[in-house]
Amino acid sequence: MKKIIVIGLLLSIKSFSRDFSGTINGAVTINILLGTQLKAVNLGLSIFGTTTYKSNTSFEGGINFNFSPFIQKYGIYQGNTSGSLELFGLAGYGQNNNLLGSNAGLTKHTAFYDYKVKNGKFYGIGMVVILNKIFGDLKKFGNKQGGFILRFSTRQNSVVFNMVNDVNARPFTKSGTDMGSTARAMLSYTTIKGIELYGFGFGLDMFTPEADYGQAPRGGNNDEDGTVAVLINTKPYDDLFHLNLFTSVVYQSMNNNINFDGRIGVDSYKLGAFVQNRIHDNFGLYPRFSWPVTKKNRFYSLLDLNTFYNQDFNE
Amino acid sequence: MNKLLFILLSVITVSCNHTYFSDTVIYDASQQKHEKVIRLDLSGENLQQLPEDIEQYINLRFINLSNNPKLDLTAAFEQLKNLTNLTVLKLDSNGLEELPSNINHIVLLQNLSLSYNPTLNLDKALKQLSSLTYLTALNLSHNNIVEIPESVSGLVQLKNIRLSDNNINSSLTYSRLAKIDELKFLWLDHNNIKELPVSVGELTQIRELYLGNNSLKNLPKEIENCDKLCVLYLGGNEFKDLPNEILETKLRMLVMYGNQITTIPKSYKKIKPPLSILVLDNNYLNFEQQKIATKYFTGFFLLSMKNQK
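For the protein sequence lines, the chains are E and Z, in the order given. Take 1 as the starting number for the first sequence in this note's numbering and just add one per residue. Take 1 as the starting number for the second sequence in this note's numbering and just add one per residue.
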């Protein structure tokens, strides 16, 4: 009986798989990252694939490994290394095969687009998970993030909305919450012009220190009128906060494989406190974090110059 | 994901709120741009009267008059009544025995701090404050209070009362606070409370209850009646077990750092939502018990068990 079921299952899969078509691509990437809060080199491996079922239902997914020696991270000068693993996948409507969704994740800015492909329409929704690991004194800020992606694209244009938040749920148990890079969001537009790719977008990136829940919360920073509880944070880096609000410009060319992602914006304690206080005060995540709200905004920038090596292994 | 949606909405609206997190300015007689000052600090100036130019601070929202024991408050309030944006007043450490009757002239006052005034006639003061119809936050910490008078129930709009660092052990206090329908935040930390009275169950309106750094060993069953209680701080007490009394409540956050907890009761195995934040730092949980906690509380938003002794 078991044999019959297995044979039946295999036949079904075989027949089912005839309706699928797909493509896969990937690259080894090298990034130089220079910014007000980050100075690092990033070595990455990315694999991205798409598949279409019966010409109008598509799936896409990718995996990004990153290994990053840094001399500054989160604004702290300290030589060490960090790494991340990102997985994302989307499902949706359309014939999706121009690979434009390869940059729908958050840890990679390079797209492995195929400008020769005629049809790339895709309206999809998906999930992203990121595991962040940091070594050295900043180790405690390694965390796990999860979120969702929305992507709407035509053959040459793609709009992506991407949100992640730190999580502590299966399969991310034992992850810190409200600690390190806690929330990120990005809205970006990408267009292909010949063999060149252009993009711009807006993003937000929040970083908070690790709260010390073993101490009674007290007033101080971010307790404007002396009525709320404010968390004390663990040392070192108990006062490390960022809320980066930025705009991003992306350029890529298939000519020389040199890619550019430039970001400028503002790092605002006031905005960070405003945003997080609303969440903590309204969603029962009391107490607040001790954002140094009287400090002035700072300039935020990040320049990502990267190149990639690609064998076009599925073409 | 609600958090992130909220972030986006907040980013859009933050620019509209220009007074948010204004700097507190220390009084300077040569100040030229009075209208730009939102928060003014006049504490510890040994004042007898407020400066004459105080009425020029037309956008003042916050004023700190603490540690000025010789200040003529009656005259001061007459000047302050013309500041129509003033909502926060700090009068800490002023050796107050009574509040001037004209405090109700500061009609829009929302937040009043009277801490470190142990000689204050509390009953009379609370009766006077009942005429301030916008008063939502009151700080009475460090005042040697043993019992909150009946007159507290007249503060009908009060949402937040801080009674930290007193000696409140009277069950009547809870019954009286229960009569304030709007009360959401109650601070009773550092009060040397050894046993919580059953009248705590009358606080059916309370959302957040701060009972840290007392001498509590258990909770009364009546705490189950606190239907709206979301946040319960019990850090720095003397609990040896997690309290079973909270299992039937709608708590989201239970903080029990710095107690003497050695075991996770089996009754917590099937703990039901909405409890999703549990802080157990600085207790006596061995490795085995920490494993049990991790198993029981899988999926919690936050489970913290650092520094077990």
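Simulated from the structure, these hints should not be mistaken for lab results. There could be a bad hint or two in this list.
Unchecked claim - In silico DSSO-like cross-links for lysine-lysine, where the CA-CA straight-line distance does not exceed 27 angstroms:
hint, chain 1, residue 1, chain 2, residue 2
1, Z, K291, E, K133
2, Z, K221, Z, K240
3, Z, K33, E, K296
4, E, K139, Z, K291
5, Z, K36, E, K295
6, E, K139, Z, K295
7, Z, K270, Z, K228
8, Z, K306, E, K235
9, Z, K272, Z, K295
10, Z, K306, E, K140
11, E, K235, Z, K309
12, E, K139, E, K235
13, E, K139, Z, K309
14, Z, K269, Z, K309
15, Z, K33, E, K295
16, Z, K240, Z, K159
17, E, K140, Z, K36
18, Z, K217, Z, K306
19, Z, K194, Z, K184
20, Z, K295, E, K133
21, Z, K272, Z, K250
22, Z, K217, Z, K266
23, Z, K127, Z, K221
24, Z, K179, Z, K240
25, E, K296, Z, K266
26, Z, K217, Z, K124
27, Z, K306, Z, K269
28, Z, K36, E, K133
29, Z, K228, Z, K194
30, Z, K240, E, K139
31, Z, K266, E, K140
32, E, K140, Z, K309
As the list claims (entries may be wrong) - With the C-beta cut set under 8 angstroms, the calculated list includes, among others, these residues of chain E facing chain Z:
hint, residue
33, A216
34, G220
35, D223
36, G226
37, A273
38, V293
39, T294
40, N297
Here a beta-carbon is modelled for each residue, glycine too, at the ideal position from N, C-alpha and C.
The hints, checked one at a time:
1. Taken as a hint, the K291 (chain Z) and K133 (chain E) pair is honoured in the structure, with Cα atoms around 23 angstroms apart against an allowance of 27 angstroms.
2. For the proposed pair K221 (chain Z) and K240 (chain Z), the alpha carbon gap of about 17 angstroms is at most 27 angstroms, so the pair holds.
3. About 20 angstroms separates the Cα atoms of K33 (chain Z) and K296 (chain E), which keeps this hinted pair within 27 angstroms; it holds.
4. Straight-line distance between C-alpha atoms of K139 (chain E) and K291 (chain Z) comes to about 23 angstroms, which keeps the hinted pair within the 27 angstroms bound.
5. Our distance criterion of 27 angstroms between C-alpha atoms is met by K36 (chain Z) and K295 (chain E), whose separation comes to about 17 angstroms.
6. Between K139 (chain E) and K295 (chain Z) the alpha-carbon distance is near 25 angstroms, which keeps this suggested pair within the 27 angstroms criterion.
7. The straight-line distance between the Cα atoms of K270 (chain Z) and K228 (chain Z) is roughly 21 angstroms, inside the 27 angstroms bound, and the hint therefore holds.
8. Between the alpha carbons of K306 (chain Z) and K235 (chain E) the distance comes to roughly 14 angstroms, so the proposed pair stays at or under 27 angstroms and holds.
9. For the proposed pair K272 (chain Z) and K295 (chain Z), the alpha carbon gap of about 14 angstroms is at most 27 angstroms, so the pair holds.
10. A hinted pair counts as satisfied when its Cα atoms are at most 27 angstroms apart, and K306 (chain Z) with K140 (chain E) qualifies at roughly 13 angstroms.
11. Distance restraint check for K235 (chain E) and K309 (chain Z): the Cα-Cα separation of roughly 20 angstroms lies within the 27 angstroms cut-off, and the hinted pair is therefore satisfied.
12. Between K139 (chain E) and K235 (chain E) the CA atoms are separated by roughly 12 angstroms; this keeps the pair inside 27 angstroms, and the hint holds.
13. At most 27 angstroms may separate the alpha-carbon atoms for a hinted pair to count; K139 (chain E) and K309 (chain Z) meet this at roughly 23 angstroms.
14. Annotation: proposed proximity of K269 (chain Z) to K309 (chain Z) holds, straight-line Cα distance about 23 angstroms (limit 27 angstroms).
15. Using a Cα cut-off of 27 angstroms, the hinted pair K33 (chain Z) and K295 (chain E) holds, with the two alpha carbons roughly 21 angstroms apart.
16. Between K240 (chain Z) and K159 (chain Z) the CA atoms are separated by roughly 32 angstroms; this puts the pair beyond 27 angstroms, and the hint is violated.
17. With a CA separation close to 41 angstroms, the supplied pair K140 (chain E) and K36 (chain Z) exceeds the 27 angstroms bound.
18. Distance hint between K217 (chain Z) and K306 (chain Z) is fulfilled; the C-alpha atoms sit about 21 angstroms from each other, no more than 27 angstroms.
19. A hinted pair counts as satisfied when its Cα atoms are at most 27 angstroms apart, and K194 (chain Z) with K184 (chain Z) qualifies at roughly 23 angstroms.
20. Restraint check: the Cα-Cα separation between K295 (chain Z) and K133 (chain E) comes to about 24 angstroms, which is no more than 27 angstroms; the hinted pair holds.
21. Our distance criterion of 27 angstroms between C-alpha atoms is met by K272 (chain Z) and K250 (chain Z), whose separation comes to about 9 angstroms.
22. A C-alpha spacing of about 19 angstroms is found between K217 (chain Z) and K266 (chain Z), which places the hinted pair at or below 27 angstroms, so the restraint holds.
23. A hinted pair counts as satisfied when its Cα atoms are at most 27 angstroms apart, and K127 (chain Z) with K221 (chain Z) does not qualify at roughly 33 angstroms.
24. At roughly 33 angstroms between alpha-carbon atoms, K179 (chain Z) and K240 (chain Z) are farther apart than 27 angstroms, so this suggested pair is violated.
25. Among the hinted pairs, K296 (chain E) with K266 (chain Z) is inconsistent with the structure: their alpha-carbon atoms are about 50 angstroms apart, more than 27 angstroms.
26. About 35 angstroms separates the Cα atoms of K217 (chain Z) and K124 (chain Z), which puts this hinted pair outside 27 angstroms; it is violated.
27. Our distance criterion of 27 angstroms between C-alpha atoms is met by K306 (chain Z) and K269 (chain Z), whose separation comes to about 21 angstroms.
28. Taking the CA atoms of K36 (chain Z) and K133 (chain E), the gap is near 46 angstroms; set against the 27 angstroms cutoff, the hint is violated.
29. For the proposed pair K228 (chain Z) and K194 (chain Z), the alpha carbon gap of about 24 angstroms is at most 27 angstroms, so the pair holds.
30. For the given pair, K240 (chain Z) sits about 33 angstroms from K139 (chain E) by alpha-carbon distance, which is inconsistent with the 27 angstroms threshold.
31. Proposed proximity of K266 (chain Z) and K140 (chain E) is contradicted: the alpha carbons are some 31 angstroms apart, above 27 angstroms.
32. Proximity of K140 (chain E) to K309 (chain Z) is assessed by CA-CA distance (about 21 angstroms); at most 27 angstroms being required, the pair is judged to hold.
33. For A216 (chain E), the shortest C-beta to C-beta distance to chain Z is roughly 5 angstroms, which falls under 8 angstroms, so the interface hint holds.
34. Checking G220 (chain E) against chain Z by beta carbon gives a least distance of about 13 angstroms; that is not within 8 angstroms, so the hint is violated.
35. A cut of 8 angstroms between beta carbons decides the hint on D223 (chain E): the least distance to chain Z is about 11 angstroms, and the hint is violated.
36. Residue-level restraint check for G226 (chain E) holds (minimum Cβ-Cβ distance to chain Z is 6 angstroms; threshold 8 angstroms).
37. With a cut of 8 angstroms, the hint placing A273 (chain E) at the interface with chain Z holds, because the nearest CB-to-CB distance is about 6 angstroms.
38. For V293 (chain E), the interface hint holds, the least distance from its beta-carbon to any beta-carbon of chain Z being 4 angstroms, beneath 8 angstroms.
39. Interface restraint check: T294 (chain E) against chain Z, minimum CB-CB distance 5 angstroms, threshold 8 angstroms, status holds.
40. The closest approach between the C-beta of N297 (chain E) and any C-beta of chain Z is roughly 11 angstroms, which is over the 8 angstroms cut-off, so the hint fails.
Consistency note: the structure conflicts with the earlier hints numbered 16, 17, 23, 24, 25, 26, 28, 30, 31, 34, 35, 40.
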